[in-house]
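Enquirer: Next come the chains, spelled out residue by residue.
Number of protein chains: 2
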Amino acid sequence: MRRWNGWGDESVAFALNEDALAFLARRIGAGTPVVDAAFGQACARIGASRLPAHRLIDRGLIDTSPEVRLRNALGQSLPDWLRLRYGVIETAPDGVAYPESAQDVRELFDYARACGASVIAQGGGTSVAGHLTAPHGVQPVLAVNMTRFRQLHFLDTESQLATFGAGVFGPDLEAQLRARGYTLGHFPQSFEYSTLGGWIATRSSGQQSLRYGRIEQLFRGGSVETPAGTLDIPTFPASAAGTDLREMVLGSEGRLGILTEATVRVTPLPQYEAFHAVFFPDWTEAETAVRLVVQAGLSLSMLRLSNALETTTMLALAGHKKMISLLEGYLSLRGCKDGKCMLMVGVSGHKSLARAALREALALTLPHGGVHVGRYMGEKWKQNRFRNVYLRNAAWEHGYAIDTVETAVDWPRVEAMMHAVEAAAVGALALHGERVHTYTHLSHLYAQGASVYTTFVYRLAGDYASDLARWRALKRAASLAIVESGGTISHQHGVGSDHAPYLAAEKGELGISAMRALFAHFDPTQMMNPGKLLP
Amino acid sequence: MRRWNGWGDESVAFALNEDALAFLARRIGAGTPVVDAAFGQACARIGASRLPAHRLIDRGLIDTSPEVRLRNALGQSLPDWLRLRYGVIETAPDGVAYPESAQDVRELFDYARACGASVIAQGGGTSVAGHLTAPHGVQPVLAVNMTRFRQLHFLDTESQLATFGAGVFGPDLEAQLRARGYTLGHFPQSFEYSTLGGWIATRSSGQQSLRYGRIEQLFRGGSVETPAGTLDIPTFPASAAGTDLREMVLGSEGRLGILTEATVRVTPLPQYEAFHAVFFPDWTEAETAVRLVVQAGLSLSMLRLSNALETTTMLALAGHKKMISLLEGYLSLRGCKDGKCMLMVGVSGHKSLARAALREALALTLPHGGVHVGRYMGEKWKQNRFRNVYLRNAAWEHGYAIDTVETAVDWPRVEAMMHAVEAAAVGALALHGERVHTYTHLSHLYAQGASVYTTFVYRLAGDYASDLARWRALKRAASLAIVESGGTISHQHGVGSDHAPYLAAEKGELGISAMRALFAHFDPTQMMNPGKLLP
Chain B
1 MRRWNGWGDE
11 SVAFALNEDA
21 LAFLARRIGA
31 GTPVVDAAFG
41 QACARIGASR
51 LPAHRLIDRG
61 LIDTSPEVRL
71 RNALGQSLPD
81 WLRLRYGVIE
91 TAPDGVAYPE
101 SAQDVRELFD
111 YARACGASVI
121 AQGGGTSVAG
131 HLTAPHGVQP
141 VLAVNMTRFR
151 QLHFLDTESQ
161 LATFGAGVFG
171 PDLEAQLRAR
181 GYTLGHFPQS
191 FEYSTLGGWI
201 ATRSSGQQSL
211 RYGRIEQLFR
221 GGSVETPAGT
231 LDIPTFPASA
241 AGTDLREMVL
251 GSEGRLGILT
261 EATVRVTPLP
271 QYEAFHAVFF
281 PDWTEAETAV
291 RLVVQAGLSL
301 SMLRLSNALE
311 TTTMLALAGH
321 KKMISLLEGY
331 LSLRGCKDGK
341 CMLMVGVSGH
351 KSLARAALRE
361 ALALTLPHGG
371 VHVGRYMGEK
381 WKQNRFRNVY
391 LRNAAWEHGY
401 AIDTVETAVD
411 WPRVEAMMHA
421 VEAAAVGALA
431 LHGERVHTYT
441 HLSHLYAQGA
451 SVYTTFVYRL
461 AGDYASDLAR
471 WRALKRAASL
481 AIVESGGTIS
491 HQHGVGSDHA
501 PYLAAEKGEL
511 GISAMRALFA
521 HFDPTQMMNP
531 GKLLP
Chain Z
1 MRRWNGWGDE
11 SVAFALNEDA
21 LAFLARRIGA
31 GTPVVDAAFG
41 QACARIGASR
51 LPAHRLIDRG
61 LIDTSPEVRL
71 RNALGQSLPD
81 WLRLRYGVIE
91 TAPDGVAYPE
101 SAQDVRELFD
111 YARACGASVI
121 AQGGGTSVAG
131 HLTAPHGVQP
141 VLAVNMTRFR
151 QLHFLDTESQ
161 LATFGAGVFG
171 PDLEAQLRAR
181 GYTLGHFPQS
191 FEYSTLGGWI
201 ATRSSGQQSL
211 RYGRIEQLFR
221 GGSVETPAGT
231 LDIPTFPASA
241 AGTDLREMVL
251 GSEGRLGILT
261 EATVRVTPLP
271 QYEAFHAVFF
281 PDWTEAETAV
291 RLVVQAGLSL
301 SMLRLSNALE
311 TTTMLALAGH
321 KKMISLLEGY
331 LSLRGCKDGK
341 CMLMVGVSGH
351 KSLARAALRE
361 ALALTLPHGG
371 VHVGRYMGEK
381 WKQNRFRNVY
391 LRNAAWEHGY
401 AIDTVETAVD
411 WPRVEAMMHA
421 VEAAAVGALA
431 LHGERVHTYT
441 HLSHLYAQGA
451 SVYTTFVYRL
461 AGDYASDLAR
471 WRALKRAASL
481 AIVESGGTIS
491 HQHGVGSDHA
501 PYLAAEKGEL
511 GISAMRALFA
521 HFDPTQMMNP
531 GKLLP
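Residue numbers (the UniProt record's numbering), protein chains in the order written: chain B, 1 to 535; chain Z, 1 to 535.
Treat the hints with care, since some could be wrong.
Since the list gives no way to pick out one identical chain from another, each pair is judged satisfied if it fits inside one copy or across any two copies.
Said to hold, decoys possible - Computed cross-link-like contacts, SDA-like style, restricted to lysine to any residue with a CA-CA straight-line distance of at most 25 Å:
no.	residue 1	residue 2
1	K322	H276
2	K351	L362
3	K351	A296
4	K337	S11
5	K380	A416
6	K351	R211
7	K337	M314
8	K351	R2
9	K351	E484
10	K351	H437
11	K321	R148
12	K380	L309
13	K382	R59
14	K382	A316
15	K382	R50
16	K382	P268
In short, the hints are calculated from the structure, not lab data. Predicted model only: the values in this text are computed from it and were never measured.
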């Protein structure tokens, strides 16, 4: 069964080994485990449902039990975790609907409108930016869980388009396509539990977007139920006919309606796929090399560059002490010592073309001290690509919090951004007398610049208020560093509640008010996910 | 000097040879040349300016002379041509402003607001969809000519971004970049006279978009003056932060404001560029082959597939009778006879990679009867890529009208679309007792489908009313065929006035009203290009 207060399935554990714990203890001190609230305790914090009686409840379309409401109350952000782990459930939806058709969604809108309820659409509840929290207030809140919309309705192999119910989970979507020889190729770290509709509503990006594109490129059309009516978006290979309606839906975060069906671009399963690792002596060489590689426009599927501390951390956490020690010895001989940075290079597709692209990429790294160490580290990374996120559970159990922030900037600002975000976090928790272990990677590379993805590990205080204060201090400092360094407040996680205060820095007041006007057109009474996205 | 009633510079002529004229006479009958109205006659049709006196006029920022108003009154659509050639100037702007700064634009908005004038922004006036026509009515109309915004303000070679004044013409933009070793790579057929701002406002696509991307991909940020204020859009390599403001500007066709500055993605000038021709025995084989080539994701810069009649037409117009005859003999031996279709394949970039991609593409055409005939035809096409549009002048002088329509559809609908559009045009003019010479090419290819670009050649009646009636019948029939066959009303020309009646077929009433609400937010008094884009 899925964990109610952590990541993933209860049966899956990804332990921190002794060396990793010793490493963390050296970096930031030993953690003190916290006793989590029990599920029953947390349920008891949830008040009676304020939803008025209705045939939709009688029909079983809406579940008002505290258990289901709790399981759909929050996402996976750190403050969400704090609420769940400490059992401080301040708000929860008054009911959770499980529609199975667009007609069901329209009836839910009618019901919500009639009883003055807010509507929060959700897929797999993997938001790390507070998209799902029910607002405080006297109005009832209806969560609409879309995960029964999971079928592949149509696969057009000639146009390479697949139409799915928008609530389909990543693995289910890929399984349905794989059986027919196709893939979407969208693999965010949340892949196991996130949904197609969620990816579109939050402008998600997958780990192999270099080959497959971001969800913006994959989303080709669909159907959206909005309070003002149904918005049907046909598929065209391209169009110059005015405003692209897809772009109204992308990143709308449940503010204008609920996507029920989405048509996405798919491709035949790649004949060949491989992930290789390359080490560089330092960040400057590494960043220059990856910029040249991505600007060469080679057919790669992934580039992911870790800074020195992330490289050290990954090697410390890898286990296989002996092998890592041999690797480090070899790298040292080749000039990659303390400040070394690890690059993952992925290729997919036609075998000979993929290999040619890899060869070309490796050749471009050579003048910058790149040391190709083959597939071992890359394949390890691939094996663990969706398991790493379970580390948050393991860290918590040892008294550590793990959080991340991410942004994207043009190349001249990348390195400064990395330093600014890391320093801001360290400075913020220093005021709380705590150290932060921070490390960064460039998760997605573009000719124009890169995403900058920073992880923070720090100790839990052991009580809700203190831990919330620590998180707030760190999040605020890191977010301010992002906007002050000219980055977008999110490259791949979306805005939700946590990033909303920083949105005006990039959109301007006029941009913000235009978004507001656009959403209000589809949702005149503003019942859709109020308070999210727009500050 | 630029022609006031036709395409391009007066000094450039591109004659139709005897064979081409004989070919046309056989297809649709001999044309009867029309006597064009003189510039002075047309000017005399323009009434006195209704703009009230103002210091902006005194300062010379606004020109109210009939000559300048006439030269900025219309675009290059066939009805625009009919008005100019026959001297039937029904409406013209009351003045043409030539701002040089964002401040000038803001002052022009203040002035327009104060005197109740409509504002029509224009770049090079190359619209073929009626974007620029002043509306009938009692309100004065102010044209804002943006071509003094032409400078390269900043080139960031690290991020491969260039910031230009938005009114820069294609050749000027490329010249400024070329001097620094870069290219934008955006080459619509209108390249000589169209502007960066116009490309963005109409979602333009260039001939090598397969390599460089459509303008949507190239446009990375900028500054827009709107009646509600200035919208500044920063550049990010990618963002998940809510609605993408660039998408509000793209395809807005002057309805929300005027782009003053745009930052675009540029790339180093390609080391190598080549265009090759491949012939196929028939359309079915050709279409299948190009679909497989484009879906293979090779690094090509262009794919352009002509149907049989376009292939015949291009060979007839090529001159070099002897050489073409030898070519056709060779092709016939290789199985490409009457129904043969010509494909242009372009490659650009790193020489060895470009050649490898070309080899791979050619290999994919072989099982479909593809006959590679080398670079000659391709290089000829390249030489004439911006000259072909001058053929419209030459045809007119012999009593023929040339018009085009274009759309894009997913692969399963491509062939049916081509036949439907051609048949609709033929049927429409049959009712006028005229034949139409129609031919089609797929101008832009995507994994998902293709643009379908159809040309019509037919005889002029010799008077304005009859020729307008012929055009209306043809345009309406072709446009209805497009929407009834599931295509977008424009892949690359935009909507303007001529396509506006067909827009709701793809956007739906809700989509149309959402666009209206969005534009109204930036332009509350709806003074910006009223009546265009939205029906």
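Enquirer: Run every hint past the structure and note whether it holds.
Expert: Outcome of the hint check:
For the identical chains of this complex, K322 and H276 are intra-copy neighbours only, at 20 Å inside a copy versus 56 Å across copies, given an alpha-carbon limit of 25 Å. In the homo-oligomer, the alpha carbons of K351 and L362 lie at most 25 Å apart both inside one protomer (16 Å) and across protomers (18 Å), since each shortest distance falls under that limit. Both within a single protomer and between protomers do K351 and A296 lie at most 25 Å apart by alpha-carbon distance, with minima of 19 Å and 12 Å respectively. In this homomeric assembly, K337 and S11 never come within 25 Å of each other (Cα to Cα): the closest approach is 39 Å inside a single copy and 67 Å across copies.
In the homo-oligomer, the alpha carbons of K380 and A416 never lie at most 25 Å apart, since the shortest distance is 30 Å inside one protomer and 49 Å across protomers. Within a single copy, K351 and R211 get their C-alpha atoms as close as 14 Å, and across copies as close as 22 Å, so both meet the 25 Å cut-off. In the homo-oligomer, the alpha carbons of K337 and M314 lie at most 25 Å apart inside one protomer (15 Å), although the nearest pairing across protomers, at 63 Å, exceeds that limit. Proximity of K351 and R2 under a CA criterion of 25 Å is satisfied in neither setting, with 38 Å inside one chain copy and 53 Å between copies.
Taking the shortest Cα distances, K351 and E484 never come within 25 Å of each other, neither inside one copy (44 Å) nor across copies (42 Å). Neither within a single protomer nor between protomers do K351 and H437 lie at most 25 Å apart by alpha-carbon distance, with minima of 40 Å and 46 Å respectively. In this assembly of identical chains, the alpha carbons of K321 and R148 never lie at most 25 Å apart, being 45 Å within a copy and 66 Å across copies at closest. In this assembly of identical chains, K380 and L309 lie within 25 Å of each other by CA distance solely inside one copy; the values are 19 Å within and 56 Å between copies.
Within a single copy, K382 and R59 get their C-alpha atoms no closer than 44 Å, and across copies no closer than 66 Å, so neither meets the 25 Å cut-off. For a Cα distance limit of 25 Å, the shortest separation of K382 from A316 inside one copy, 17 Å, qualifies, whereas the shortest one across copies, 57 Å, does not. With identical chains, the CA atoms of K382 and R50 are never at most 25 Å apart, being 46 Å at best within one copy and 69 Å at best between copies. In this assembly of identical chains, K382 and P268 lie within 25 Å of each other by CA distance solely inside one copy; the values are 20 Å within and 34 Å between copies.
Violated hints, in rising order: 4, 5, 8, 9, 10, 11, 13 and 15; the structure is consistent with all others.
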